[in-house]
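Colleague: Each chain, letter by letter, is given below.
4 protein chains.
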Amino acid sequence: MTRNPLLETLRAFMTERDWGQFHSPENLAKSIAIEAGELLECYQWNADVDRDEVADELADVLTYALLLADKLNLDPEQIIRAKLERTGQKYPVEKAKGRSTKYDRL
Amino acid sequence: MTRNPLLETLRAFMTERDWGQFHSPENLAKSIAIEAGELLECYQWNADVDRDEVADELADVLTYALLLADKLNLDPEQIIRAKLERTGQKYPVEKAKGRSTKYDRL
Amino acid sequence: MTRNPLLETLRAFMTERDWGQFHSPENLAKSIAIEAGELLECYQWNADVDRDEVADELADVLTYALLLADKLNLDPEQIIRAKLERTGQKYPVEKAKGRSTKYDRL
Amino acid sequence: MTRNPLLETLRAFMTERDWGQFHSPENLAKSIAIEAGELLECYQWNADVDRDEVADELADVLTYALLLADKLNLDPEQIIRAKLERTGQKYPVEKAKGRSTKYDRL
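Residue numbers (the working numbering), protein chains in the order written: chain A, 1 to 106; chain B, 1 to 106; chain C, 1 to 106; chain D, 1 to 106.
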């Protein structure tokens, strides 16, 4: 993993506040689910949302997701690419094109 | 926003499958919450998890989060940094250090 | 389904406010996930929670769950019992006793 | 709380499998969020769902919600009614009728 200035900023922020003690992988996984719920709340009753609010909640999801990756020594870009490859195998273009069907029903 | 090879890979993957039509911001917000639930399932009964499974589910959360950011023309790094600054104001080091208390009760 | 005073109270509350128009099954499913996130927030950093807060968020989950059941003409007690029977088949006592392992790994 | 046959069935099911040890309030709160995500998955890409699948996932949400209430000695009907009263105060009919606006913006 090359130098990652964003991650270094996140780490410094947490260290400064001594918050690492709360950031067990399990607590981070809970936090991601909690923030994902707040993000979803922007779309609860209609799709006509306040973009700033969405940005705010999406930032929380991303922050906790990056902290969890960091805690587990996972490189975010690497796991995204690895998963994309597996998804590509489960959803080959010729079968999945234009369809939202789950792979086990394709 | 500078060139972002990961984002370009994600976009190409979706375009190839013509999946953009399903990726309304609302559907992406739902997808983030769904994947956050699957990630949390790794920690449902105990904290003794399979790291590969966590990586897999975390990758799904990150992928949909990046797709939502892209759809709304939000730069992930920029919104994370902006939110971190607001969080820093709500949780100044001298008050928040070593405490997990919510800002409105600090 | 026999007379259900609680359900009748919920329906009257919604009708009085003309909120039925917002309560599509999909919106109710989103609402359940949103409230489940707020409930989980009570347990975000530790297990030492305020019981009144939990009661409040749990009530929201239950309310939307009952509204969704009602919208789909599902009897809550009946679907709980039917699911319990299926769960009992997937987790027979002699294999599942004292174990939190998922059925496909038992 | 009067006799509740459904709750007694749920308790017997769990006792028989010695699963009470896994059902800390925190684990039940996580379980509700996980099942809420699976319920939401029924509505991920469109609103055209399989009613049996919805019933199945909704039953899981309800089951864990009832188990959490039971663990905390909360009467489900009572907390739903208490919350409804508070909601009624935050959303008086004359202000809230026909609107999905959050109370702090009404």
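Among the clues, some could well be false.
Given that identical chains are not distinguished, each listed pair holds provided it fits within a single copy or across any two copies.
Claimed, not checked - Cut-off 25 angstroms, straight-line C-alpha distance, at most; resulting in silico cross-link-like pairs (BS3-like, lysine-lysine):
hint: 1; residue 1: Lys90; residue 2: Lys102
hint: 2; residue 1: Lys95; residue 2: Lys83
hint: 3; residue 1: Lys71; residue 2: Lys102
The set of hints was computed from the structure by calculation and includes no laboratory data.
Colleague: Hint by hint, note whether the structure agrees.
Modeller: Evaluation of the provided hints:
no.	hint	verdict
1	Lys90 / Lys102	both (9 angstroms within a copy, 23 angstroms between copies)
2	Lys95 / Lys83	within (19 angstroms within a copy, 33 angstroms between copies)
3	Lys71 / Lys102	between (31 angstroms within a copy, 22 angstroms between copies)
In summary, the structure agrees with every hint in the numbered list given earlier.
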